[in-house]
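Student: Take a look at the letters that make up each chain.
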Amino acid sequence: MYGLKRVANKIGLYLVLSLFLVFLLFPFYWMAVTSLKIDKELYDLSTNPLFIKQGLTLQHYVYLFKKTSFLTWFKNTFIIAFLVTIITLTVSAPAAYSVTRFKFRGRTTFAIAVFISYLIPPTLLFIPLYKVLKLLRLIDTIWSMVVTYPTFTMPFCTWLLMGYFKTIPRELEESALVDGANRLQVLLRIVCPVALPGLTTVTLFSFTLSWMQFLYPVAFISASTQKPLSVGVVSELVRGDVFYWGSLMAGALLASLPVILVYMIFTRYFISGLTAGATKY
Amino acid sequence: MILPSLIILNLLIIYPLIQAFYLSLTNQRIGVPGAFVGFKNYVELLKQDIFLKTLMNSGLYVSVSLALKTIFGLLLALILNSLPRGRALFRAIVLLPWVVPASMSVLVWQWMFDPTFSVLNWILVHVGLNRINWLGNPFWAKVSVITINVWRGIPFFAIALGAGLVAIPKELYESASIDGAGIWVRFSRITLPLLRPVLGIVVLYSLVMTLADFEIVYILTRGGPMQSTHLLGTLSYQIGLAGTKISLGAAISLFLFPILLFSALFALRIILRYEEL
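Chains X and P are the protein sequences, given in the same order. Number 280 marks the last residue of the first sequence (numbering that gives the first Met the number 0); no jumps. Number 276 marks the last residue of the second sequence (numbering that gives the first Met the number 0); no jumps.
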């Protein structure tokens with residue numbers, strides 16, 4: 000009897016898990032299937048839409064590259080994400096290190112300000128930032144994004160790194176200092192290697208968060224050549240009122256792919272970054 | 000060493016926030032200077048149907064989404080934690096909706112909710128149910144928008160809460176089992192109380208982010224049908240930038256601020272209980 004109940008429990012467990020998996024993953028399947036179907040089959044109400052029956056096609060992908068500015072958006076997105084990541088790292092790492100190592104006036108205030116800023120969503124800032132950018136004449140250029148994305152990457156990354164630096168024992172550095180190393184040497188030779196997982200996590204997050212950002216470019220950009228992928232795919236693959244779902248899905252898939260690949264290679268870091276934000280205290 | 004971060008903090012976050020407050024007290028439009036008008040924008044907003052509707056939508060959206068994300072996220076976390084093997088793999092797979100850019104996944108959902116070619120309707124019809132007018136009917140449009148938010152949020156909740164679950168000492172469960180505690184008693188007396196701090200932070204964080212949501216509504220419904228899905232962010236964009244009434248737009252998004260402060264302070268309280276900054 001007891002064994003039977005256990006088996007039943009196990010079956011129930013896997014059943015619920017598969018329901019979750021279907022719900023969470025079906026949209027990705029649907030994205031891929033749609034992007035590979037020929038138009039005639041896409042808009043044929045009499046066939047089973049779940050499978051591809053009338054042959055695979057790459058026409059929607061070819062269309063993206065030949066007839067739209069997809070490659071320009073891709074390049075823009077990459078440049079923005081790359082620059083923002085560099086800015087974020089050079090700003091966040093020293094700040095987080097100082098806050099966890101040195102005692103100075105306003106230290107706690109700074110830490111609290113970083114935490115509150117980490118919770119401030121772009122929705123609250125896009126209007127005043129629009130005014131600032133207008134003043135700086137950066138509206139409608141990719142620089143508007145390079146300048147404003149640190150508003151969400153910097154607080155998040157600083158907060159995350161503070162958590163990482165705190166776990167590095169001070170004694171490690173102090174003994175090196177006693178042995179005659181200077182601060183910079185300590186930082187490069189001792190702290191950085193130990194903090195490498197934290198720095199990797201932060202790099203990945205600022206890159207992917209910049210890659211995904213949507214509200215800021217919607218608010219700041221209208222020129223097609225300056226758009227990032229997120230906005231380009233959403234706004235320029237719909238012509239008139241007609242949605243071209245094949246190329247839309249191909250675009251969505253290609254725009255997501257870099258993030259998915261980075262995630263697959265560095266899964267561990269993404270999960271640790273996610274949980275550090277919510278569970279490290 | 001903290002100077003660069005102070006510059007960003009002050010110039011790009013604190014100054015714009017103050018600027019937003021100031022803007023909301025004027026009648027500026029884009030390109031037109033405008034004058035100080037006190038709280039007129041706020042008073043006006045609270046008299047407008049579209050704004051009151053947006054506030055109610057936001058309340059509904061946030062409360063239903065948060066409840067569903069908490070329940071299903073916790074359930075998924077418990078399932079993942081009790082898997083005998085393959086835990087890491089499933090965790091990685093499950094997190095995908097949270098990893099993919101929101102704007103791109105909203106597009107797929109929009110296609111799945113298509114009035115004519117909705118694959119969901121195809122499935123409904125083939126199991127003998129009626130088609131649903133997903134985006135054309137105020138009730139179902141709300142359901143659609145909430146579904147996408149929950150879809151994106153469940154993975155985040157599951158992984159974050161899962162990390163909290165792992166931190167609960169196994170001995171507690173063992174000794175409770177020996178004392179004859181059933182699965183429900185163990186859950187309500189051990190799991191829930193010990194998970195509370197993590198749960199608190201995840202919910203508070205998600206409260207702010209859900210209330211501030213933009214992509215889903217902007218791409219899927221533009222606030223429609225009949226303004227039944229507008230959120231603060233989309234209305235603020237529509238009136239403040241697209242409609243050039245920038246001061247009114249600033250006032251709308253500032254309605255986020257009290258909730259933001261509330262969440263930040265409570266989250267800080269939880270954090271400070273366990274560790275100094």
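Keep in mind that the hints were calculated from the coordinates and are not lab data. Please read these numbers as outputs of a predicted model, since none were measured by experiment. Every residue gets a Cβ at the ideal spot worked out from N, C-alpha and C, and that includes glycine. Careful: at least some of the hints might be erroneous.
With a straight-line Cα cutoff of 27 Å, these simulated BS3-like cross-link-like pairs (lysine-lysine) come out [unchecked claim]:
{"hint": "1", "chain 1": "X", "residue 1": "Lys39", "chain 2": "X", "residue 2": "Lys9"}
{"hint": "2", "chain 1": "P", "residue 1": "Lys39", "chain 2": "X", "residue 2": "Lys130"}
{"hint": "3", "chain 1": "X", "residue 1": "Lys9", "chain 2": "P", "residue 2": "Lys39"}
Here chain P is said to cover these stretches of chain X; the calculated rule only asks that three of the stretch's residues, wherever they fall, bring their Cβ under 8 Å from a Cβ of chain P [claimed, not checked]:
{"hint": "4", "stretch": "31-42"}
{"hint": "5", "stretch": "70-77"}
{"hint": "6", "stretch": "118-132"}
{"hint": "7", "stretch": "169-180"}
{"hint": "8", "stretch": "260-271"}
Student: Output the numbers, in ascending order, of every earlier hint that fails for this structure.
Tutor: Hints 1, 3, 5, 7 not satisfied by this model.
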